[in-house]
Amino acid sequence: MIVCVAVVGHQNNPLYLQSFTEADDALKLHHVVHCSLDVIDERVNNPKKSAPTLNETFLGLLYPTENYKVYGYLTNTKVKFLMVTTDLDVKDADARNFFRKFHAAYVDAVSNPFHVPGKKIASRSFGARVSTIVKSFGSGTVG
Amino acid sequence: MQFFGGSSLTSVAPESSPAPAAPPGTGTGSNAQVIYVFNRNGVCLLYREWHRPLRTLARNQDQKLMFGLLFSLRSFTAKIDPTSTEHANLGAPLLPGQGCSFHSFKTNTYKLNYMESPSGIKLILLTHPRTGDQRDALKHIYSLYVEYVVKNPLYAPGSPIKCDLFNKHLDQYVKTLI
Amino acid sequence: AFTAKQKSISPNWPITHYSRPATLRVVLSSDLSRPPPAPISAMPPLTTPKSGDALFASVERVNAELFTLTYGAIVRQLLTDLEEVEEVNKQLDQMGYNIGTRLVDEFLAKSNVSNCADFKETADTIAKLGFKMFLGVTATVTNWDAEGTTCSFVLEDNPLVDFVELPDTCQGLQYCNVLSGVIRGALEMVSMKTEVTWVRDMLRGDDAYEMRVKLTKQVPEEYPYKDDD
Numbered sequence: 001m002i003v004c005v006a007v008v009g010h011q012n013n014p015l016y017l018q019s020f021t022e023a024d025d026a027l028k029l030h031h032v033v034h035c036s037l038d039v040i041d042e043r044v045n046n047p048k049k050s051a052p053t054l055n056e057t058f059l060g061l062l063y064p065t066e067n068y069k070v071y072g073y074l075t076n077t078k079v080k081f082l083m084v085t086t087d088l089d090v091k092d093a094d095a096r097n098f099f100r101k102f103h104a105a106y107v108d109a110v111s112n113p114f115h116v117p118g119k120k121i122a123s124r125s126f127g128a129r130v131s132t133i134v135k136s137f138g139s140g141t142v143g
Numbered sequence: 001m002q003f004f005g006g007s008s009l010t011s012v013a014p015e016s017s018p019a020p021a022a023p024p025g026t027g028t029g030s031n032a033q034v035i036y037v038f039n040r041n042g043v044c045l046l047y048r049e050w051h052r053p054l055r056t057l058a059r060n061q062d063q064k065l066m067f068g069l070l071f072s073l074r075s076f077t078a079k080i081d082p083t084s085t086e087h088a089n090l091g092a093p094l095l096p097g098q099g100c101s102f103h104s105f106k107t108n109t110y111k112l113n114y115m116e117s118p119s120g121i122k123l124i125l126l127t128h129p130r131t132g133d134q135r136d137a138l139k140h141i142y143s144l145y146v147e148y149v150v151k152n153p154l155y156a157p158g159s160p161i162k163c164d165l166f167n168k169h170l171d172q173y174v175k176t177l178i
Numbered sequence: 001a002f003t004a005k006q007k008s009i010s011p012n013w014p015i016t017h018y019s020r021p022a023t024l025r026v027v028l029s030s031d032l033s034r035p036p037p038a039p040i041s042a043m044p045p046l047t048t049p050k051s052g053d054a055l056f057a058s059v060e061r062v063n064a065e066l067f068t069l070t071y072g073a074i075v076r077q078l079l080t081d082l083e084e085v086e087e088v089n090k091q092l093d094q095m096g097y098n099i100g101t102r103l104v105d106e107f108l109a110k111s112n113v114s115n116c117a118d119f120k121e122t123a124d125t126i127a128k129l130g131f132k133m134f135l136g137v138t139a140t141v142t143n144w145d146a147e148g149t150t151c152s153f154v155l156e157d158n159p160l161v162d163f164v165e166l167p168d169t170c171q172g173l174q175y176c177n178v179l180s181g182v183i184r185g186a187l188e189m190v191s192m193k194t195e196v197t198w199v200r201d202m203l204r205g206d207d208a209y210e211m212r213v214k215l216t217k218q219v220p221e222e223y224p225y226k227d228d229d
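In the order they appear, the protein sequences are chains A, B and C.
For the first sequence, the residue numbers in full-length UniProt numbering are 1 to 143.
For the second sequence, the residue numbers in full-length UniProt numbering are 1 to 178.
For the third sequence, the residue numbers in full-length UniProt numbering are 1 to 229.
Check the hints yourself; a few may be wrong.
[Claimed, not checked] As a list, the in silico EDC-like pairs of lysine to aspartate or glutamate whose alpha-carbon atoms are at most 20 angstroms apart:
| hint | chain 1 | residue 1 | chain 2 | residue 2 |
| --- | --- | --- | --- | --- |
| 1 | B | 151 | C | 106 |
| 2 | C | 90 | C | 195 |
| 3 | B | 79 | C | 222 |
| 4 | C | 50 | B | 136 |
| 5 | C | 110 | C | 60 |
| 6 | A | 78 | A | 41 |
| 7 | B | 79 | C | 145 |
| 8 | A | 120 | C | 168 |
| 9 | C | 110 | B | 49 |
| 10 | B | 151 | C | 188 |
| 11 | A | 69 | A | 24 |
| 12 | B | 64 | C | 60 |
| 13 | A | 119 | C | 168 |
| 14 | A | 101 | C | 162 |
| 15 | C | 50 | B | 147 |
| 16 | C | 214 | C | 93 |
| 17 | A | 101 | C | 221 |
| 18 | A | 69 | A | 108 |
| 19 | B | 64 | C | 188 |
| 20 | A | 120 | C | 165 |
| 21 | C | 110 | B | 62 |
| 22 | A | 119 | C | 165 |
| 23 | C | 120 | C | 162 |
| 24 | A | 135 | A | 87 |
| 25 | C | 214 | C | 195 |
| 26 | B | 162 | C | 106 |
| 27 | B | 151 | C | 60 |
Hints are computed from structural coordinates only; laboratory data are not their basis.
Please build the complete structure, drawing on both the sequences and the hints.
Quick look at the structure:
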């Protein structure tokens, strides 16, 4: 189950941050997201990075804690997508699929002429769409 | 059909292609003599002549009379329409689409071809009397007007046409008329 | 010189051939060498009007997203420049009007449509051919009033508004006001003065886009010059 998703701009400014838990642990999840940004930075700026992964938007598992696993995705415009899940056994394909849909939703949301680039995404339909994607992720990975 | 009719602009003959032979009697190699374009307010958007040896009137007087002639003729042709049951008084204003219209008239020395679009653009083309039906040609000139005048964002609607591109294509096209 | 070709033709169908023995020969609708075209309206067209699909296929097209984003950028810029939502609505309408006055000629030149007999036919033409030609969608004409002067265009699909979500600060904005302006401008060029208002808007949570078109006046063609000229 996905507990938190985030979109972070190229200057590490938060664009969208939403947690999906009943409990009041939003702050903790935000902290996890925040920490994982450093991991992304490290990976991106690591010169020893092998060539085939340079064009890869999906960053894979960023870092596991005892409760959560954080997955990342980086677009060519340096917008980062993060997903925090409690599932222990996440298939790479599922995660990729999730980010693909998430990215598509994001693109449509920033195409709204009333969205100001670099500002938080306030769109309600984006929120609704992300919730649907998050829910479908849970159902698609039973077992 | 030897017209370059139709809406496609690619049908404009390039300058290099030989123009169809003019019918005997014109002596100029060109059939089209004069063109007038009026808008609905009687403003002469375009006057262009290719072959008009005799000019008797001042230009704007000439244009005004031409518009007056067409206006009256259209009103009259609608009036004498024997198939129509409702006849307004002669000269009574016509609603758009009301009454019939004429396409051309012919004298022994020239033929006047006329087309009016529902938006009130009137095209008048004077040709040699032996030229054939010019309605397709007028339609094509109308589409040239749309393409090079109406779509030109710098053209102010209702002002005289000063678009070189339009004039060039028009000149090119009328050379092909027979 | 009347021919018997006009049996099934409406009473205002012009005669097929009219000639006078004098040198002035007025050809009214078509000369005899040409078979009479199908009766469409008072002025016989050389070719029958194209269908909406054929028309759409024949015009140049532009990427829908480019179009939507361009329009969005224009609306946004207007909001920034004019600040007042009401002013933006007015400006969009004016822009649409200016577009409409030019667009109508393109429509007439490419669609082979000639004069429409009445407002009903005009409305149908706009809905089936006009919208299809320029937006790739068709509208439905409904809600006629008793006099036949007011009707509604209902758009289920509107390419202008993909991606768009009105923010709370712009609730009064008629985002698609350019469309109503286009209709108004185009109809004015064919001598119909209209008032166009939006009654339903999906951006405000309605189930479709509906604009109400009211024909206020049909302007007859007048002789534009003074008699003493």
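Quick rundown of the hints versus the structure:
1. B/151 with C/106: With a Cα-Cα distance of about 8 angstroms, the restraint between residue 151 of chain B and residue 106 of chain C holds, given a limit of 20 angstroms.
2. C/90 with C/195: holds, 13 angstroms
3. B/79 with C/222: holds, 16 angstroms
4. C/50 with B/136: holds, 16 angstroms
5. C/110 with C/60: Holds: residue 110 of chain C and residue 60 of chain C sit about 12 angstroms apart, inside 20 angstroms.
6. A/78 with A/41: Within the cut-off at roughly 10 angstroms; holds.
7. B/79 with C/145: Violated: residue 79 of chain B and residue 145 of chain C sit about 32 angstroms apart, past 20 angstroms.
8. A/120 with C/168: Between residue 120 of chain A and residue 168 of chain C the Cα gap is close to 15 angstroms, so the pair holds against 20 angstroms.
9. C/110 with B/49: Measuring from Cα to Cα gives roughly 27 angstroms; hence the hint is violated.
10. B/151 with C/188: At roughly 18 angstroms apart (the allowed maximum being 20 angstroms), residue 188 of chain C and residue 151 of chain B satisfy the hint.
11. A/69 with A/24: holds, 19 angstroms
12. B/64 with C/60: Violated: residue 64 of chain B and residue 60 of chain C sit about 38 angstroms apart, past 20 angstroms.
13. A/119 with C/168: Measuring from Cα to Cα gives roughly 16 angstroms; hence the hint holds.
14. A/101 with C/162: holds, 18 angstroms
15. C/50 with B/147: holds, 19 angstroms
16. C/214 with C/93: Holds, because 16 angstroms separates the two Cα atoms, which is no more than 20 angstroms.
17. A/101 with C/221: Violated, because 58 angstroms separates the two Cα atoms, which is more than 20 angstroms.
18. A/69 with A/108: Answer violated: residue 69 of chain A to residue 108 of chain A is near 27 angstroms, above 20 angstroms.
19. B/64 with C/188: Given that 20 angstroms is the threshold and the Cα spacing comes to 24 angstroms, the pair is violated.
20. A/120 with C/165: Judged against 20 angstroms, a Cα distance of about 14 angstroms means the pair holds.
21. C/110 with B/62: Answer violated: residue 110 of chain C to residue 62 of chain B is near 31 angstroms, above 20 angstroms.
22. A/119 with C/165: holds, 15 angstroms
23. C/120 with C/162: violated, 30 angstroms
24. A/135 with A/87: Distance ~13 angstroms between residue 135 of chain A and residue 87 of chain A Cα, so the pair holds.
25. C/214 with C/195: Holds, at about 5 angstroms.
26. B/162 with C/106: holds, 19 angstroms
27. B/151 with C/60: holds, 13 angstroms
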